[in-house]
Amino acid sequence: MINYNKIFKEELYNLNSIEKEKFFFKHLSILNNYHYRNCSEFKSLADTFFKKKKIHTSDLPFFHIKMFKENVLKSIPKTIGTKTYKSSGTSSKLHSKINIDRKTSLLQSKCLTKIIQNIINKKKLKKLYIVDNQKTLIDNQFSARGAAINGFRHLANSYEFLLDENNNIKTKIIKKLKFEKDFMIFGFTSIIWEFFIKKLIKKNLVISKNNGFLFHGGGWKKLENISITRKKYNKYVNKFIGINKIYNYYGMIEQTGSIFIECEKSYFHPSIFSDINIRDKNLNICSLNETGIIQVSSLLPVSYPGHNILTEDMGRMINTDGCKCGRQGKFFEIIGRIPKTEIRGCSDVY
Amino acid sequence: MYINEHNLNKIIKNINLSNKPFNIFEDQILKFFETISKIILSEKRSRKFPDLVAFGFWCRRKNLANIKKNYPQKQTGRGLVFHICPSNIPLNFAFSLAFGLLSGNCNLVRLPSIEFEQVKLLCNIINKITNKKKFKHLKKKIFLISYNRSEEISKILSINSDARMIWGGDETIKMFKSFETKPRCVDLTFSNRFSVSLINYQVYSKLNSLERKIVTNNFIKDCFTMDQQGCSSPKAVFWIGNNIKKNKERFWSDVNKNLYKKNDFNLAKTNKKIYEIHKNILSSPNNFKVNNSNFQTIRLNLLKNKKDINIEGFQSGYGTFVEIDIKNIKDLKKYISEKCQTITQFGFDSDAIKQIIIKEKFRGVDRIVKMGMAFEMSNIWDGYDIINSLSRKITLI
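Quick note, the sequences are listed as chains A and B, same order.
The letter at position 292 of the first sequence is residue 315 when you use our numbering, and the numbering goes up by one with no holes.
The letter at position 113 of the second sequence is residue 129 when you use our numbering, and the numbering goes up by one with no holes.
To be clear, the hints were calculated from the coordinates, so they are not data collected in a lab.
Mixed in with the good hints, there may be bad ones.
[Unchecked claim] On the chain B side, residues computed to face chain A include the following (Cβ under 7 angstroms): (1) Phe73; (2) Phe281; (3) Ala284; (4) Asn287; (5) Tyr291; (6) His294; (7) Asn302.
[Claimed, not checked] Simulated crosslink set (DSBU-like; lysine-lysine; CA at most 35 angstroms straight-line): (8) A:Lys92 <-> B:Lys320; (9) B:Lys350 <-> A:Lys92; (10) A:Lys92 <-> B:Lys278.
Note that beta-carbon positions come from the ideal geometry of N, C-alpha and C, so glycine has one too.
Kindly produce the complete structure, drawing on both the sequences and the hints.
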């Protein structure tokens, strides 16, 4: 198996693309072989659909993301107890069913911690504010939102929810927040917009300029519909929450923990725990700047074969090295969901 | 015409007033379609849409006169036919409407919910013609409608109908069958089907390169016009006879070369294709070998020791084929179910295939067509004689 202890001691973004490929291919291959031996579904997929000769990370077999919605895929004996995580699934009726055992859960939480620590440049902050209500955590601790909240709350000495049970702003805390120095705010991109920024504007509340961090993820889909761009979003965060250290991340519930952080130059970066490939319509690797299907890989999933996934998102590889933010290796941009083309056919359509 | 709960009653009243059956293949109707055909085939704008041209070609006078020959007796319509058309096959509504008119009925046609340019073009042509004095009376026989998915409206339209043409798959059929109808209302239901290709290896192997090219183009036309998503698009290829791998590979290589020129792929199709292939592999593990040496046409080859697999459940689309070698046509029965609609064949006599299907008591297969004609519309569809079903014969004893 992968020697995780060793990897956790490594720097997150210090490998150039050639070193990274060597490192990642070696480790993802180990994980690949593990799932091949322990998950019959993964084995039949690998045997039938993928070539035998594997010399690059991009040669390794992957699942289409929807397989996790329609099947329960496990790489551990059926007798071992697991928790099943569900994606928030706002856009589809089906939820992902992710089987997480203690080991994988620990790896994910350790990895998320390491990635966030890298940005805040500290072990822990004094305070974490979660733009959500406590009910979400209790009711849906196995949802994407619950999982993310769970991960983040270990990053501060204490935490508080900013919304009450009816998703209204807890005004008392907001007034206190002005005096806070060592804190971060975390929430889902669309929830921060809908239930925090918009309500602040409505209530005419402005939090004065501060030194906090804001982390948000979960996708722009809802905001795109109302044409809120990243630029506009950040402008409002800055104006009403007083924060300019704003970090968006990209990640799948299937690969919780090994998230891709959007850097100061607004590009996304894989850490040593993850990798990204962009594929064209013939499934070949795209050239730089060419829009294609995003494939994400992670070293963390052990109890289920979610280490290599073809998503339904589109993106562009900007370059394999040389982002001005200083992080080494590949950096990319997310374009959004693959548009549903006119799907032809006779059935199910009246 | 857009229907909502406000104008519904008025429209129903209007339709019921004009709901009068008439003779099948009435001359005025034939002339109406002749005019449509001429306009479609002469207008530059329609050339962009192969399906519109195909309809224009189908409804020309000569073809309709040929169909008419099958119905020498005087028959009359049933009254009001309600056409529920699929939202993703643009011109299905046109054929459905044509059958309704040719069988002597007043027609209520629900247009596809997706806006297609060719649908708009054809509706404009129909409007233009029915505005002419000569065809003005047809305005009372053609009601092209649209409405937002509403069970209430569907229910009210259903109870007023004398016949319903329900396209659009199993779910739609299930829903419409749950609505109350007149006791004598006739339903023609077109459920989810799949189709297969049969290739006679002996005949194929003797073709020269030009003849092979024709076969290739016909195969592509059947499979890729609708991204393999139509009920009549083949999802499996059966090779009959003692096959040699080399020839099979040459066939697929011909197909791939031609497809490459068409360049009809996009990221959405590719993504869905991968999803469906992974789904097939998980639902039927270890039965197939996947040949994906060329991504355009991915082939699922049944392993030799696996027999009797019903291919009904296999997802195919955007160039994914189940490929099976069989010794003779009779063996096809092991792999298909009653859901099999069409056989597109190369190198056989269609009538000979039909005889085998009857003799061997197949439950499926309603059409046997030459390769390249999968989407050829006919007055007999899914085993129904549509004209006879939508009209009445008056018996004299």
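Can you name, in rising order, the numbers of the hints this structure does not satisfy?
1
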